[in-house]
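If you want the building blocks of each chain, they are given just below.
Number of protein chains: 4
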Amino acid sequence: MDDVDSSQLITNDHLVQSEDPDHPANLIPELCKRFYQWGWVTGTGGGTSIRRDNHVFIAPSGVQKELMKSENIFVLEYPTPKYPPSARKYLRKPLALKPSDCTPLFLAAFDHGATCCIHTHSQWAVLVTLLVEKLHGKDAMFEISNIEQIKGIPKGREKGMLGFHDTLRIPIIENTPFEEDLTEYLEKAMAKYPDTYAVLVRRHGIYAWGDTVAKAKTQCESLDYLFQLAVEMHKLGISWT
Amino acid sequence: MDDVDSSQLITNDHLVQSEDPDHPANLIPELCKRFYQWGWVTGTGGGTSIRRDNHVFIAPSGVQKELMKSENIFVLEYPTPKYPPSARKYLRKPLALKPSDCTPLFLAAFDHGATCCIHTHSQWAVLVTLLVEKLHGKDAMFEISNIEQIKGIPKGREKGMLGFHDTLRIPIIENTPFEEDLTEYLEKAMAKYPDTYAVLVRRHGIYAWGDTVAKAKTQCESLDYLFQLAVEMHKLGISWT
Amino acid sequence: MDDVDSSQLITNDHLVQSEDPDHPANLIPELCKRFYQWGWVTGTGGGTSIRRDNHVFIAPSGVQKELMKSENIFVLEYPTPKYPPSARKYLRKPLALKPSDCTPLFLAAFDHGATCCIHTHSQWAVLVTLLVEKLHGKDAMFEISNIEQIKGIPKGREKGMLGFHDTLRIPIIENTPFEEDLTEYLEKAMAKYPDTYAVLVRRHGIYAWGDTVAKAKTQCESLDYLFQLAVEMHKLGISWT
Amino acid sequence: MDDVDSSQLITNDHLVQSEDPDHPANLIPELCKRFYQWGWVTGTGGGTSIRRDNHVFIAPSGVQKELMKSENIFVLEYPTPKYPPSARKYLRKPLALKPSDCTPLFLAAFDHGATCCIHTHSQWAVLVTLLVEKLHGKDAMFEISNIEQIKGIPKGREKGMLGFHDTLRIPIIENTPFEEDLTEYLEKAMAKYPDTYAVLVRRHGIYAWGDTVAKAKTQCESLDYLFQLAVEMHKLGISWT
Numbered sequence: 001m002d003d004v005d006s007s008q009l010i011t012n013d014h015l016v017q018s019e020d021p022d023h024p025a026n027l028i029p030e031l032c033k034r035f036y037q038w039g040w041v042t043g044t045g046g047g048t049s050i051r052r053d054n055h056v057f058i059a060p061s062g063v064q065k066e067l068m069k070s071e072n073i074f075v076l077e078y079p080t081p082k083y084p085p086s087a088r089k090y091l092r093k094p095l096a097l098k099p100s101d102c103t104p105l106f107l108a109a110f111d112h113g114a115t116c117c118i119h120t121h122s123q124w125a126v127l128v129t130l131l132v133e134k135l136h137g138k139d140a141m142f143e144i145s146n147i148e149q150i151k152g153i154p155k156g157r158e159k160g161m162l163g164f165h166d167t168l169r170i171p172i173i174e175n176t177p178f179e180e181d182l183t184e185y186l187e188k189a190m191a192k193y194p195d196t197y198a199v200l201v202r203r204h205g206i207y208a209w210g211d212t213v214a215k216a217k218t219q220c221e222s223l224d225y226l227f228q229l230a231v232e233m234h235k236l237g238i239s240w241t
Numbered sequence: 001m002d003d004v005d006s007s008q009l010i011t012n013d014h015l016v017q018s019e020d021p022d023h024p025a026n027l028i029p030e031l032c033k034r035f036y037q038w039g040w041v042t043g044t045g046g047g048t049s050i051r052r053d054n055h056v057f058i059a060p061s062g063v064q065k066e067l068m069k070s071e072n073i074f075v076l077e078y079p080t081p082k083y084p085p086s087a088r089k090y091l092r093k094p095l096a097l098k099p100s101d102c103t104p105l106f107l108a109a110f111d112h113g114a115t116c117c118i119h120t121h122s123q124w125a126v127l128v129t130l131l132v133e134k135l136h137g138k139d140a141m142f143e144i145s146n147i148e149q150i151k152g153i154p155k156g157r158e159k160g161m162l163g164f165h166d167t168l169r170i171p172i173i174e175n176t177p178f179e180e181d182l183t184e185y186l187e188k189a190m191a192k193y194p195d196t197y198a199v200l201v202r203r204h205g206i207y208a209w210g211d212t213v214a215k216a217k218t219q220c221e222s223l224d225y226l227f228q229l230a231v232e233m234h235k236l237g238i239s240w241t
Numbered sequence: 001m002d003d004v005d006s007s008q009l010i011t012n013d014h015l016v017q018s019e020d021p022d023h024p025a026n027l028i029p030e031l032c033k034r035f036y037q038w039g040w041v042t043g044t045g046g047g048t049s050i051r052r053d054n055h056v057f058i059a060p061s062g063v064q065k066e067l068m069k070s071e072n073i074f075v076l077e078y079p080t081p082k083y084p085p086s087a088r089k090y091l092r093k094p095l096a097l098k099p100s101d102c103t104p105l106f107l108a109a110f111d112h113g114a115t116c117c118i119h120t121h122s123q124w125a126v127l128v129t130l131l132v133e134k135l136h137g138k139d140a141m142f143e144i145s146n147i148e149q150i151k152g153i154p155k156g157r158e159k160g161m162l163g164f165h166d167t168l169r170i171p172i173i174e175n176t177p178f179e180e181d182l183t184e185y186l187e188k189a190m191a192k193y194p195d196t197y198a199v200l201v202r203r204h205g206i207y208a209w210g211d212t213v214a215k216a217k218t219q220c221e222s223l224d225y226l227f228q229l230a231v232e233m234h235k236l237g238i239s240w241t
Numbered sequence: 001m002d003d004v005d006s007s008q009l010i011t012n013d014h015l016v017q018s019e020d021p022d023h024p025a026n027l028i029p030e031l032c033k034r035f036y037q038w039g040w041v042t043g044t045g046g047g048t049s050i051r052r053d054n055h056v057f058i059a060p061s062g063v064q065k066e067l068m069k070s071e072n073i074f075v076l077e078y079p080t081p082k083y084p085p086s087a088r089k090y091l092r093k094p095l096a097l098k099p100s101d102c103t104p105l106f107l108a109a110f111d112h113g114a115t116c117c118i119h120t121h122s123q124w125a126v127l128v129t130l131l132v133e134k135l136h137g138k139d140a141m142f143e144i145s146n147i148e149q150i151k152g153i154p155k156g157r158e159k160g161m162l163g164f165h166d167t168l169r170i171p172i173i174e175n176t177p178f179e180e181d182l183t184e185y186l187e188k189a190m191a192k193y194p195d196t197y198a199v200l201v202r203r204h205g206i207y208a209w210g211d212t213v214a215k216a217k218t219q220c221e222s223l224d225y226l227f228q229l230a231v232e233m234h235k236l237g238i239s240w241t
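Residue numbers (the UniProt record's numbering), protein chains in the order written: chain A, 1 to 241; chain B, 1 to 241; chain C, 1 to 241; chain D, 1 to 241.
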């Protein structure tokens, strides 16, 4: 029914048409509108993707995120090869829009078990990557403990949430000139820290994911809260751990 | 009519259905939407509860506060035992939702005479608890005077509002790994400072309450304004008292 | 037609009922909703008043400014005695609401020729009053020059707008325990600086006014922009003049 | 059909009436509403203009930008003389509104190939011009590199976007007492830096433009993001390049 036939590429409109507000093609524009207000997807930056069964829904590249519509959403068959882009099995490719450069990174998160992956350019995330490098060097992770909001982040899949006295650790990878080239480093960080639900990208932002769409969003909010608090704590001379 | 019969637990829908915008089941979602915009209930953090006659309405645990609906609200008979949770007399328990961990803390506020209790994770509140500890030690309260907005906070029940030259004092308790365990310390702080309308929780946020829903909200706003101002004053080298 | 007859006090509803969005009774709630979003009227703080012909419309005391309705508006005959409050000629007094403590201050602005007066508790205004005192002492005014936004403030009535190289000067008065007692000092500042369209109140906020409602609002915005910029400039070690 | 006949000046209403949301007369009010929320056009500051074929649409001077309507838009024939103002060929001049002082600056951007030009008073832009002067002197440009968001800015017309390791350079011109007098300096900066899509104005704000309306907006957002980040980086002692 959803043949990967290039003649049909732009006709599978039924894949993004639904009255259900919880359908991925409706959720992605709704989430992006909210993320725009938080400054997470300024100037077409950032993106969001949701996997449902064997379909992956992705916001397109280079559009104003707060104006995105369901009809702008790309749909991939899942699983699908990450490289080369031409090998990816698109079920729907909106005419005149470009697929997101974040596509292989989102696919990596889904391979890791996620249902939704959010990529933001949040300034708090960027500032935290700069502060960690300045204070502890390039190999250090972001670490914070003894803050209630840490309890909004899981210890790992099916391991429950972090406790107040636990230390939240988020790995930081270096940025690459081409976003797709981050995939390798993101996957390495996931392999090294299999329990993490997010990876910071130095001078760039964050990739955060979750077992459900709601968890991806609320965990990403909790992380951003902690990054902002950490920057303000640093300004006031208060240490993070 | 509202029997505490477990077979009826999820059927007392009439308790949260009302056309009246001032009904607690309508006010709580409305307030939470606003608090989300202020960053007070980021990532499912925080919560709100209203008592009306012998009913207590509580926002559920772990939901996106800006998307909450009347039908998500828990209703308890009041008074009800605080512990153990199983002894609490629920008149309405929405299927698939968890009661808030703040429940015994809200009940403590109602025992203290409140009509509405608001719990936020406001970063300004958290930063103030950190600054007070850094400047004056763990036993110190937050103190500020000679700021007009102080007049938005009462001196105590039926004692009128604080004056411009009065000193506002908010007790600070230490956080505990489990939110429910805060209840004991909240009650002790209430007993020690019977006139206070709020208690700060170090590295966590604030519990604030009021004699009416409007007063709980506006007092909580005034406190948050003062916490933000205090942090900025500190950055500029200006003392709080 | 609008007799000041106490039996009619709450029945002159026609004075606040209009389909015209530019009617003062419609503008005041609209403005207050906006000011709430800017943090200018947090927790029932601040207020707004508009004079039209021989009527003065005033937001009530102690209400949530973002929820205010036309029917909450007080109407005074203008001119009217400032003191004692009982001598003021109310044409409309909403039942169960208290007249604003800012009433004599608004009247002072109207006596000075204003059409609309806005009172905010903006934190930027408060911080600027604290910084001026710290840097230049209690007798100093707030002064800033060579910022484009200064051109949004008039030189004085019918004197055109300030130029880029002009110095904007806003007098600062000390706060008093009772808001009404500020009136004397506000009037003295107006007498001493007849060209000013605003007076800062130390540790409290600002009173700003304008020849039209739009001018009062946009001038108040420009001032708040300058206060915020001034605080940030100070943090970066850049002087204001 | 659109004669520049003074008797018709205010009757060419069809030029600003369209059901198409992407019509310039609909886009400008929509954009200004958004810019108001970002603090870019506080107190009637700033402005926006769009060129379509041989028509130039401009927001008027001195209006509340968030309340602007299509019917408030001025329309010029393009090309048109920049000076004197009386030589400009207005196709539509709304009664009782003043043409924007930014008019010749917008025309300069269109002469340079732009389709949309945005002028903001963003505080981040102003602070960056002050910091550059303080750190590097009056002749220095704003420079930043190794930040992902830089990729939102083009290298120059038909040259693709900047890369992560490229340095973004934005020229800064000195402010002039009269906005129109900036035109000469803006044009000189454009001639000297033909690839730039923006020019900062010291102590004033920014002019930014784009090949399409969407690009002008998203590039302006990316620049503002970078200015804010740069100010915060400076506060944390982290260099921009």
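Derived from the structure by calculation, the hints contain no laboratory data.
Just so you know, not all the hints are guaranteed correct.
Each pair may be met inside one copy or between any two copies, as identical chains are not told apart.
[As the list claims (entries may be wrong)] Derived SDA-like pairs: lysine to any residue, alpha-carbon spacing no greater than 25 Å straight-line: (1) Lys93 x Arg202; (2) Lys89 x Ser145; (3) Lys235 x Asn146; (4) Lys159 x Thr176; (5) Lys33 x Thr212; (6) Lys159 x Asp13; (7) Lys98 x Thr241; (8) Lys69 x Ala191; (9) Lys134 x Trp240; (10) Lys93 x Phe178; (11) Lys98 x Gly160; (12) Lys235 x Gly137; (13) Lys69 x Glu19; (14) Lys155 x Glu143; (15) Lys98 x His165; (16) Lys155 x Gln64; (17) Lys235 x Leu131; (18) Lys159 x Asp181; (19) Lys33 x Ser145; (20) Lys155 x Leu186; (21) Lys33 x Leu135; (22) Lys134 x Arg88; (23) Lys192 x Leu95; (24) Lys134 x Ser86.
Each hint, compared with the structure:
Taking identical chains as interchangeable, the C-alpha atoms of lysine 93 and arginine 202 are never at most 25 Å apart, the minima being 31 Å within one chain and 45 Å between chains. In this assembly of identical chains, the alpha carbons of lysine 89 and serine 145 never lie at most 25 Å apart, being 43 Å within a copy and 36 Å across copies at closest. For the identical chains of this complex, lysine 235 and asparagine 146 are neighbours both inside a copy (18 Å) and across copies (23 Å), given an alpha-carbon limit of 25 Å. With identical chains, the CA atoms of lysine 159 and threonine 176 are at most 25 Å apart between copies only, with a shortest distance of 20 Å across copies and 32 Å within one.
Both within a single protomer and between protomers do lysine 33 and threonine 212 lie at most 25 Å apart by alpha-carbon distance, with minima of 19 Å and 21 Å respectively. Taking the closest pair of Cα atoms, lysine 159 and aspartate 13 never come within 25 Å of each other, the shortest separation being 39 Å inside a single copy and 34 Å across copies. When the C-alpha separation of lysine 98 and threonine 241 is checked against a cutoff of 25 Å, the pair qualifies neither within a copy, at 43 Å, nor between copies, at 31 Å. In this homomeric assembly, lysine 69 and alanine 191 never come within 25 Å of each other (Cα to Cα): the closest approach is 35 Å inside a single copy and 39 Å across copies.
In the homo-oligomer, the alpha carbons of lysine 134 and tryptophan 240 lie at most 25 Å apart both inside one protomer (14 Å) and across protomers (13 Å), since each shortest distance falls under that limit. Taking the closest pair of Cα atoms, lysine 93 and phenylalanine 178 come within 25 Å of each other only inside a single copy of the chain (22 Å); across copies the shortest separation is 48 Å, beyond that limit. Taking CA atoms no more than 25 Å apart as the test, lysine 98 paired with glycine 160 passes between copies only; the shortest distance there is 15 Å, against 38 Å inside one copy. In this homomeric assembly, lysine 235 and glycine 137 come within 25 Å of each other (Cα to Cα) both inside a single copy, at 19 Å, and across copies, at 19 Å.
Taking the closest pair of Cα atoms, lysine 69 and glutamate 19 come within 25 Å of each other both inside a single copy (14 Å) and across two copies (19 Å). For the identical chains of this complex, lysine 155 and glutamate 143 are intra-copy neighbours only, at 14 Å inside a copy versus 37 Å across copies, given an alpha-carbon limit of 25 Å. In this assembly of identical chains, lysine 98 and histidine 165 lie within 25 Å of each other by CA distance solely across copies; the values are 23 Å between and 45 Å within a copy. Taking identical chains as interchangeable, the C-alpha atoms of lysine 155 and glutamine 64 lie at most 25 Å apart only when they sit on different chains, with a minimum of 20 Å there against 34 Å within one chain.
Proximity of lysine 235 to leucine 131 under the C-alpha cut-off of 25 Å is found in both arrangements, the shortest distances being 11 Å within a copy and 11 Å between copies. Taking the shortest alpha-carbon separations for lysine 159 and aspartate 181, only the inter-copy value of 22 Å comes in at or below 25 Å, while the best intra-copy value is 31 Å. For a Cα distance limit of 25 Å, the shortest separation of lysine 33 from serine 145 qualifies neither inside one copy, at 31 Å, nor across copies, at 28 Å. Within a single copy, lysine 155 and leucine 186 get their C-alpha atoms as close as 19 Å, which meets the 25 Å cut-off; across copies the closest is 28 Å, which misses it.
For the homomeric pair lysine 33 and leucine 135, neither the shortest alpha-carbon distance inside one copy (35 Å) nor that between copies (37 Å) is at most 25 Å. Within a single copy, lysine 134 and arginine 88 get their C-alpha atoms no closer than 39 Å, and across copies no closer than 51 Å, so neither meets the 25 Å cut-off. For the homomeric pair lysine 192 and leucine 95, neither the shortest alpha-carbon distance inside one copy (39 Å) nor that between copies (38 Å) is at most 25 Å. When the C-alpha separation of lysine 134 and serine 86 is checked against a cutoff of 25 Å, the pair qualifies neither within a copy, at 40 Å, nor between copies, at 50 Å.
Hint check: violations occur at hints 1, 2, 6, 7, 8, 19, 21, 22, 23, 24; the rest are consistent with the structure.
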